[in-house]
Amino acid sequence: MLLADPSAERYGLELAQATGILGGTLYPLLARLEAIGWVESRWEQLDEHAEGRRRRRYYRLTAAGARCARRLPVDLNSSPGLGWA
Amino acid sequence: MGHIFSFLAHPAYDLLLAIGAACIVNAIDRRSGAIGRALVSAAAVLLPRSQRARCREEWLTFIIEAGESGARPLVHAVSIAGWAAPRLALLLRRRPVTERVLYVALVAAQVPIFVAARFVLAGRTLPPRGPSFIEPILILYVLLGLLMLAFSTLSGRQSPARFVRWYAVVRMTQTVVTFVSVPLVAALWGGVGRILGPALVVALPVAEFVLSKRRREPLRAAGQNPTQ
Chain A
1 MLLADPSAER YGLELAQATG ILGGTLYPLL ARLEAIGWVE SRWEQLDEHA
51 EGRRRRRYYR LTAAGARCAR RLPVDLNSSP GLGWA
Chain B
1 MGHIFSFLAH PAYDLLLAIG AACIVNAIDR RSGAIGRALV SAAAVLLPRS
51 QRARCREEWL TFIIEAGESG ARPLVHAVSI AGWAAPRLAL LLRRRPVTER
101 VLYVALVAAQ VPIFVAARFV LAGRTLPPRG PSFIEPILIL YVLLGLLMLA
151 FSTLSGRQSP ARFVRWYAVV RMTQTVVTFV SVPLVAALWG GVGRILGPAL
201 VVALPVAEFV LSKRRREPLR AAGQNPTQ
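First to last, the sequence lines map onto chains A and B.
So for the first sequence, this note's numbering puts the first residue at 1; every next one is plus one.
So for the second sequence, this note's numbering puts the first residue at 1; every next one is plus one.
Heads up, some of the hints might be wrong.
[Stated by the list, open to error] Quick list of simulated restraints, FRET-style, between CB atoms:
#1 A:71 to B:31: 44 to 50 angstroms
#2 B:53 to A:71: 21 to 27 angstroms
#3 B:10 to A:48: 51 to 57 angstroms
#4 A:37 to B:70: 42 to 48 angstroms
#5 A:18 to B:49: 27 to 33 angstroms
#6 B:86 to A:49: 43 to 49 angstroms
#7 A:18 to B:70: 32 to 38 angstroms
#8 A:18 to B:93: 28 to 34 angstroms
#9 A:48 to B:38: 50 to 56 angstroms
#10 A:46 to B:70: 23 to 29 angstroms
#11 B:38 to A:63: 22 to 28 angstroms
#12 A:50 to B:23: 36 to 42 angstroms
#13 A:54 to B:75: 32 to 38 angstroms
#14 A:4 to B:70: 53 to 59 angstroms
[Claimed, not checked] Sample of chain A residues with no beta-carbon within 12 angstroms of chain B, all distances over it, derived:
#15 53
#16 65
#17 68
[Stated by the list, open to error] Residues on chain B that point at chain A, a partial pick, calculated with CB under 10 angstroms:
#18 23
#19 24
#20 25
#21 63
#22 79
#23 82
#24 83
#25 87
Worth flagging that the hints you see were computed from the coordinates, not collected in a lab.
The beta-carbon is built from N, C-alpha and C at its ideal position, and this holds for glycine as well.
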């Protein structure tokens, strides 16, 4: 999903809904990808009181992550639940 | 015993059970968002202190956006509390094995070196009544090395800032002790040891320093306040 538009930023629930995986699988996966430099994240700049919602943490692929992810086999690339997460 | 539990066989009990179960499911269903928030908030305690606030805030946002009622927030919360939190607790505390092995070898190497130095100093080169402060210095040096190793091993359970502070104190003390002992070893250790001894004594702390710098950078990065 991140690979579809590497420059786009996605937040946790959006990723979970799009890939069909639970939060419990998603966060260790994101932490691993972030640790190896495939994904970077940032807090949303937001006035929570004005917007009426909590700020989100956004994730996006790094250039290295996008490059490496494109080299993954297609079946692994489209698999929602990566076993090693 | 049979008469005490005879109410279990009463038809009214089945009805009560069904009503009770429905009430509980209904209550959970209506409050699943709040239950989910409590679950992920409690689960964040498992994480290292440096990452706790960030993950708690992120997970709370996740559960709030997942909804206030119904199964969805609760299912996500149970998966986060039951799987993500313990998994991340291990993942975030784990350090590269190679670095740990090198570090243990480095500190462990100090023990035989200084035990040998002690025998050389006390048994061969030194007169029977050598300087009385050499032995305490060597013991202190080895103990500091072991202390550093203990801090290094336990650092996963400490906040990065605290670890770096303690590590810096131990390193400075050990370096001072090293540079006090260098001229002593150089002056008193004969033969090849006159060159190798001081070289080792200087090389080990330098190598440690390089390793400690490598370790401190990710710790500092992890210690940054993610909310800023």
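Cross-check of the supplied hints:
no. : hint                             : in the structure
1   : A:71 to B:31: 44 to 50 angstroms : holds, 46 angstroms
2   : B:53 to A:71: 21 to 27 angstroms : violated, 36 angstroms
3   : B:10 to A:48: 51 to 57 angstroms : holds, 54 angstroms
4   : A:37 to B:70: 42 to 48 angstroms : violated, 37 angstroms
5   : A:18 to B:49: 27 to 33 angstroms : holds, 32 angstroms
6   : B:86 to A:49: 43 to 49 angstroms : violated, 34 angstroms
7   : A:18 to B:70: 32 to 38 angstroms : violated, 19 angstroms
8   : A:18 to B:93: 28 to 34 angstroms : holds, 30 angstroms
9   : A:48 to B:38: 50 to 56 angstroms : violated, 20 angstroms
10  : A:46 to B:70: 23 to 29 angstroms : holds, 26 angstroms
11  : B:38 to A:63: 22 to 28 angstroms : violated, 40 angstroms
12  : A:50 to B:23: 36 to 42 angstroms : holds, 40 angstroms
13  : A:54 to B:75: 32 to 38 angstroms : violated, 20 angstroms
14  : A:4 to B:70: 53 to 59 angstroms  : violated, 29 angstroms
15  : 53                               : violated, 8 angstroms
16  : 65                               : holds, 18 angstroms
17  : 68                               : holds, 20 angstroms
18  : 23                               : violated, 27 angstroms
19  : 24                               : violated, 23 angstroms
20  : 25                               : violated, 21 angstroms
21  : 63                               : holds, 8 angstroms
22  : 79                               : holds, 3 angstroms
23  : 82                               : holds, 6 angstroms
24  : 83                               : holds, 4 angstroms
25  : 87                               : holds, 4 angstroms
Hint compliance for this structure: hints 2, 4, 6, 7, 9, 11, 13, 14, 15, 18, 19 and 20 are broken, all remaining hints hold.
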